[in-house]
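Novice: Start from chain A and add chain B according to the hints.
Residue numbers (our numbering), protein chains in the order written: chain A, 274 to 552; chain B, 126 to 420.
Note that these hints are calculated values from the structure, not bench results.
Some clues are possibly wrong.
What the hints assert, rightly or not - Looking from chain B toward chain A, a few residues come up when the C-beta cut is under 8 angstroms (computed):
{"hint": "1", "residue": "A173"}
{"hint": "2", "residue": "L174"}
{"hint": "3", "residue": "L177"}
{"hint": "4", "residue": "T180"}
{"hint": "5", "residue": "L184"}
{"hint": "6", "residue": "R260"}
{"hint": "7", "residue": "M264"}
{"hint": "8", "residue": "A417"}
Claimed, not checked - Heads up, incomplete: computed chain A residues facing chain B, CB under 8 angstroms, no partners named:
{"hint": "9", "residue": "S381"}
{"hint": "10", "residue": "A398"}
{"hint": "11", "residue": "D401"}
{"hint": "12", "residue": "N407"}
This structure is a prediction, so every number in the text was calculated from the model and none was measured.
Even for Gly, the Cβ is constructed at its ideal location relative to N, Cα and C.
Here is how the chains run, residue by residue.
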Amino acid sequence: MSTSPLQARRVPHGTSRIDIDHLSLDFPIFHGGARSLKKMLFKRGKSILTNATGPRTGGQVQLRPGESGTVYVQALEDVSLHIRAGERVGLIGHNGAGKSTLLRVLASIYMPDAPNVHIHGQVAALLDVNSGMNQELTGRENITLMGRHKGMTTAQIKQLEQDVEAFAQLETFLDLPVRLYSTGMRIRLGFGIATTMTPQILLMDEWFMAGDVHFQERAEKRLASVVNGTDILVITSHALGVLEKWCTRLVWMEAGRIRMDGPTRDVMQAYRASAASSA
Amino acid sequence: MVSSSSPEQTFAADRSAPAPQHSGEPEEWSAKKSRILLACQDIAEACALWRLATTLGWLDVRLQYSGSTFGPFWLTLTTAVMVGAMGLIYSQLFHLNIHDYLPYISISLILWQNGLSTLIQESCSTFTRAAGTLRSVTMPYTVQALRTTIRCGIMFSYTVVVPVAVFIIMGVWPGITMLLALPALILWLLDCVAFCLLLGSVCARFRDIPPIVGSLLQILFYVTPIIWEPKQLGSAAWWLYLNPFYSMLEIVRRPFLGQLPSGMAWLIALGGSVLLCLLALFTFSRSRNRLAFWV
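Next comes chain A alone, as it looks inside the complex:
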């Protein structure tokens, strides 16, 4: 094998890019609740849902007649996004606006072969505090698993383990099952693992902003060094201050659509104005 999985999908520096053209994504809901959800929808009347204006939580719930009564949730609707190397993009919008779904599309988790999504560059995603971590295994074993996932050799994994151990400062907890960890400790471990390597495209969900003050300082320092090495950064957050500090461009999502896309200052102004008026 000429290329290790570690180096797979790497493109020349500065040529990473993300192109999404008119992407719509709807979740089919199959199991259990599909039937009763259908009844519920009929009872309440679809008009209430479809006519709702203003900020709405979650995507549009719709029923497609003739397709075995499956309920769909429209999570993304006609989203087009082009990101070039060097851009630091923040996704804003209230809960359920489609930020995390979009991030998962960028990470090739949803619709990995969609013809209208093109991602060039090596991607690393920090989507979920527990992403890929096994609750029953110790922190150390989880580090090994992550290393294996990245295609590392045993020696490289040893290196990774020392690195994460020094950063996360979990001490004896590193040898205990992850299910015993507090949320903050999980974040330390997950963050430590995810930031040991510099990808070309880094995708982050908002969870990494948690943790105590002491940790946040160190996390920011570490993140800065990783981010400086990446071509593209895409983060979602509700912490507007963080976004203002890190991002050069903001994408404001609402109900699965892009409401506004532009330089951080402009979008932030509009977003704040909208939040103030609806409050």
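Specialist: Okay, now just chain B, sitting in the frame of chain A:
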């Protein structure tokens, strides 16, 4: 069963494109071809991550038995008890010499119970078990199939001790012929991956498949010569070739009993495996895009 789920398997984007369903034949064909290619790429990438799959498989076994004193040796113990009990009961029922019957049933039973049956049952939960991982980490889906295969392989190897012990106690030794079981076992591993991709994807979409598979396996246990011997059927024994599981079992079992499996059995086993792999590739390539939503 599989193709009937096509409506939600098309891309959402395709639906919004102008008349995607009625576009020309060649276009549809190329889409199908690229789907298969992408599935093959998925499989190749997963093979490069074999270390990850092995680690995951080992950890699965260890976690399943963590906290128990004997660990995975419980598998050995339960198998030993079952072989002993069934050997005694059925040798009485069939009026067979226990010295001949016990080695036969010990190898047959573990090959079915801990081999084929477990492997097929476990393959159903290939993707549903890993739902959390599939939704949060970018990883070739086939890694999960390899993981399940390795888990089944490890659990199977813990039970092989039982027939070996029976052979020693009964003083029978199959000799060098036993090595012929090796290529057959490799074929089993390959089939296991195929089963994982096939049943794993189908069961992720249709949650009532695992119980159906379970009851089918129960029936197969009785119609396949596991507790009874094919020669008990007399001249009607060739009917057994209609059951592909019989051939799959024979190619591994006969060498262990010091006999040569029939060429017919190997032919059917190979043919069945090729069909299974093709079906698995087809199903997997069609469902790959939607797996993250299904689990």
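Novice: Are the hints correct? Go through all of them and say.
Specialist: Structure-based check of all given hints:
1. A173: 5 angstroms, holds
2. L174: 6 angstroms, holds
3. L177: Cβ of L177(B) sits 4 angstroms from chain A, so the hint holds.
4. T180: Check passed: Cβ of T180(B) comes within 5 angstroms of chain A, closer than 8 angstroms.
5. L184: 6 angstroms, holds
6. R260: 6 angstroms, holds
7. M264: 6 angstroms, holds
8. A417: 5 angstroms, holds
9. S381: Hint holds; S381(A) Cβ to chain B Cβ min 5 angstroms, cut 8 angstroms.
10. A398: Because about 6 angstroms separates A398(A) from the closest Cβ in chain B, which is inside the 8 angstroms limit, the hint holds.
11. D401: 4 angstroms, holds
12. N407: Holds: closest Cβ of chain B sits about 7 angstroms from N407(A), inside 8 angstroms.
Hint compliance for this structure: no hint is broken.
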